[in-house]
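Protein chains: 2
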Amino acid sequence: MESKFSKKNTQEKVKEKVITYCSKEQWKSRFPFVTWLPKYQKDWIISDVIAGLTVGLTVLPQGLAYANIAKLPIQYGLYSAALGGFIYCLLGMSRDITIGPTAIMSLLVSGYGVALADDPETNDPTYAILLAFFCGFIQIMMGIFHLGFVTNFISSVVISGFTSAAAITIGFGQLKNIFGVKMASESFFHDFKELIKVIKYTRKWDTLLGVSCMVVLAILRCCKQYSDRQTKNLQGTTMSTQKKVLLKIMWLFGTARNAVVVMLTCGIAYALKVNGMTTVFTLTGNMTAGIPPLRVPDFRAPNILEVLNSGIILIPLIGFLENVAIAKGFGRKGNYKVDSNQELIAVGACNLGGSFLSSYPITGSFSRSAINCQSGVRSPLAGIITGSLVLISLACLTPLFQYIPKASLAAVIIYSVIFMVDYKIVPNLWRVRKMDLVTLFTTFFLSLLLGVEYGTLIGIGVDLLILLGPISRPGAKTHKVGNVTVIQLERGLNYPALNKVENLLDEHVMFMGGVNSVIFDFTHVADTDYSVIEGLQNVLNDCKLLNVQVAFACVRQKVNIKLSRSNIPNYEKFMFKTVEDALNEFSDNDLVPEEDEEETVMGGDGDSDRYNKVPEKMVVEIET
Amino acid sequence: MESKFSKKNTQEKVKEKVITYCSKEQWKSRFPFVTWLPKYQKDWIISDVIAGLTVGLTVLPQGLAYANIAKLPIQYGLYSAALGGFIYCLLGMSRDITIGPTAIMSLLVSGYGVALADDPETNDPTYAILLAFFCGFIQIMMGIFHLGFVTNFISSVVISGFTSAAAITIGFGQLKNIFGVKMASESFFHDFKELIKVIKYTRKWDTLLGVSCMVVLAILRCCKQYSDRQTKNLQGTTMSTQKKVLLKIMWLFGTARNAVVVMLTCGIAYALKVNGMTTVFTLTGNMTAGIPPLRVPDFRAPNILEVLNSGIILIPLIGFLENVAIAKGFGRKGNYKVDSNQELIAVGACNLGGSFLSSYPITGSFSRSAINCQSGVRSPLAGIITGSLVLISLACLTPLFQYIPKASLAAVIIYSVIFMVDYKIVPNLWRVRKMDLVTLFTTFFLSLLLGVEYGTLIGIGVDLLILLGPISRPGAKTHKVGNVTVIQLERGLNYPALNKVENLLDEHVMFMGGVNSVIFDFTHVADTDYSVIEGLQNVLNDCKLLNVQVAFACVRQKVNIKLSRSNIPNYEKFMFKTVEDALNEFSDNDLVPEEDEEETVMGGDGDSDRYNKVPEKMVVEIET
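Taken in sequence, the protein lines are chains Z and F. Heads up: the first sequence begins at 1 in my numbering, then just goes up one per residue. Heads up: the second sequence begins at 1 in my numbering, then just goes up one per residue.
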């Protein structure tokens, strides 16, 4: 009766869930623009346009620079920045997020077989675009099946480790452009060795330009910070219009500092060229002009899975992780809620859609989202403005981009990644939990040594091992009563703990000689899995060979059902309600010949209390 | 005082451990032959020689065949079988284990960039040999640092899934040799498609030979089983010498069936050749004769880490897993104990040493160990006999090996792997724990689709996710007292659970509007990690922004210490001994302006009971 009742309940629940899933509210939550667009106020449009343009002025130089990190021809950075805003506007829940290429995603892309040639300009983007497609597909699937929780297993310590390593790898990989030398970037240590070899070929004008750019960037950043501070301090007080305008200009130049530096150096390079001095700076060179064609990713490329490798799993996860962290952060600040599964679908759609416009994997950018927020964005509509600006630039400005000196783009990258190095976490970890330093250093150094992709994967593994240590070594109390060993396990028994149980047996029972018996006290074992059951089966067989008697006592219902359904022969023989029952059984048996044993057990005094009295069928029904 | 006492204890313990580690007993356990060699009895030598030769007759055809699975020139299978026995004899603890090439290790080797060409005969073994070197190095390191427990995280369900998939992949990959067609083997589905394309070129004599070989193998296997049964049944009774000899011959032919089939077909092919019919069967062809030269693996090969990839981690683990399972199994049957860390060192040394003799990664073979055991092996000395036989064959018999038909080797492989397909686990899992079917099918189908290496890694991941599900979603009770939400977590709080806590906050507190407060009841939170502490810090900041008051109640010492060392400003403000204290605090505060809050807290009635009264320094000392 009870079983039927609970079954009906489950059915009803499923029905209810299906109804909820197809309800109007659910569909609304899947297309958030349905909610915010009707509430859109006219005066918001000005804020959105300003924010969109400001973000656009940042994404243009960043896009050009990040393509270099991804080891792709320079226009692919802009292709990747074009479509995200449009799609996110339809599906995204956060008004602050701006989707596009980021430094870390670019680095990850460069690690997955994309870099077939040393010179980014001649690299084939086929696999990077395929990566965007699969990344989007997997993210959408994860969103639909509510699998976003997988990223919970990437701890902030691993994130800190790989972010710092990525920043150093990216920054160091750009030094070649500051020095104006040619070399292939790979991992940090590889680059370090290579750079020492070629540093004698340094081009002094490139270096001068690069360093100057960084100085200008630092000054402009200070301008912005000063403006922010002043505006905040003087809030409420009256300010002269002059000062107000000055602060606003400082803010604008500070915020769009990347664009300012790139445009300035581009102008200088152009002026030099007009005057016949073409070889002073190393320039970006020709790029394909125009909006990228709408094209299906090339699925006929050979060995897709081999080339994309673990990137097909890692990149969607890291991308989502970056995006959802930003969305949630700004959500709390702006007092709006973000659903992580909807974010997965949104960012997945941006990747999937983008791949048809030759984009490589993208995600929410922290720096640009902050600019968006500070510029007073009101709705995701700003993303459309940003995207339009990128498309217009692709259509009209590409002839100019060839004059951008490589050193100035490198300066933009280096100056933005140095703030990503999170050295402050080390003393914090030292104080709070030293064990986590193992994870941090493993992730950090292996990321530098083998590349961020491997460092991160191994870091996640180390983190899990630290987390799972206690699970694989459950506490156990053993005590002896005569030649009976009682083993009491102190927590759940899952497959990582099986080995410990076997070792306990070997130590206390198996190789002790003489007549031995063992009682497993399962009081604290709440649940178990198939591997453990199978392992116990083998243990029982081995015990039979060595003439060791085995009993299980205090087995909880959940575990008992699983044991009863296993292939343990004469299953009932081994089950006792209490340790005392089992002990009594064993002491009785010592006097009885083996043939009679089973009979004695069946008629034993503890019999009526035992689990084996519960008919198997009934036990099964209760669970279903 | 207590702290000093426990410190001294630790020091003493370390000292004790160091002494134990350097003791004579320890060194003896590291070279087990020191123990068994002095006890060696003269008449054991006969048993050992018989067992060694019987195993040798199996390893010769297997070695030749497995090289094909590993996509290497045929002699490398024998190179891999040569040295293992010698080294294991010095370091191994199990008399039954025979180290050498196995089907699964060969398949894994083929998956890691070894297969540069389609035809095994022209493949470059450089990376396979490097893999053996690194595999050995990592296994020895794991053994020294007692890291064997890592394999506990590979459950028997994953092992079953990947073994079955490997068997099918290997078997199917050999069908081309049965049909006498040429194609490159990769994953199962790739091979399936390719085979359909080329099946029209089938060479009927090859097919006839392959099928005949399988029939002969099946008959010989039945002979062995019949002999085993008869010998067991008639044990103790008197048998005619004639019958005894007959049974013994049946047993020998059955056990050495692979060698019988290969020698027979080799003879037929040679006879045909002598009569001028060279094209009837596809033959193995020329192989390099002689013992492999002693040579350091080629560390100058390009992109070693990129090519070896995750194999560098997976192959040592799988190899060890195979080996230790066999050693423990036979150990229990033979009543001797096996130390898994010593086994790691032993099998690691076999790989490391083998790599200098052009071996690819090897491990203990189940089928050959079983033959070893059944042949009545007495000590690891038998491994030396086996190794010597292999070396002699390499020196003298290689001119003959070129006549071995490919179809007969393929038959040997197919007939040995079909028994590895573990279909029986499916109904067992269905009965015992359906959730584990997800792991099984993921591992199995992804192994077929993407290759065993990826399938296994993803399978391990899925298994961990199922195991960690409860950790990432700790149960939580929430109840409301006025506008105060009390959240009681029901188990330890580790980084995978952080997201759940944030979601609980969002759901119950953050976006509810009005004045809200939240109390975290940490009664059941036994421990935590840095990521959680950092996450709580961020939550506190967000709460401040949204004017949500937060308190922690019933915080245990271990967690309290970590919180106290974090960067939470005014840490003491948030800590209360009981939920009631915190509730009182909040109801008091409602009437007091914010500036006074801290003062009120400091002088509150529950103050004397609070943790913050314990001086921080003291708390620290107690832990160390």
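Incorrect hints may appear among the rest.
Note that the list lumps identical chains together, so a pair holds whenever it fits in one copy or between two copies.
Think about it this way: if two alpha-carbon atoms lie no more than 27 Å apart in a straight line, the pair counts; the simulated BS3-like pairs of lysine-lysine are [said to hold, decoys possible]:
1) Lys42 / Lys224
2) Lys337 / Lys562
3) Lys28 / Lys500
4) Lys434 / Lys500
If you're looking for bench data, these hints aren't it; they were derived computationally from the structure.
| query | For this structure, which hints from the list above don't hold up? | reply | When the structure is compared with the hints, numbers 1, 2 turn out to be violated.
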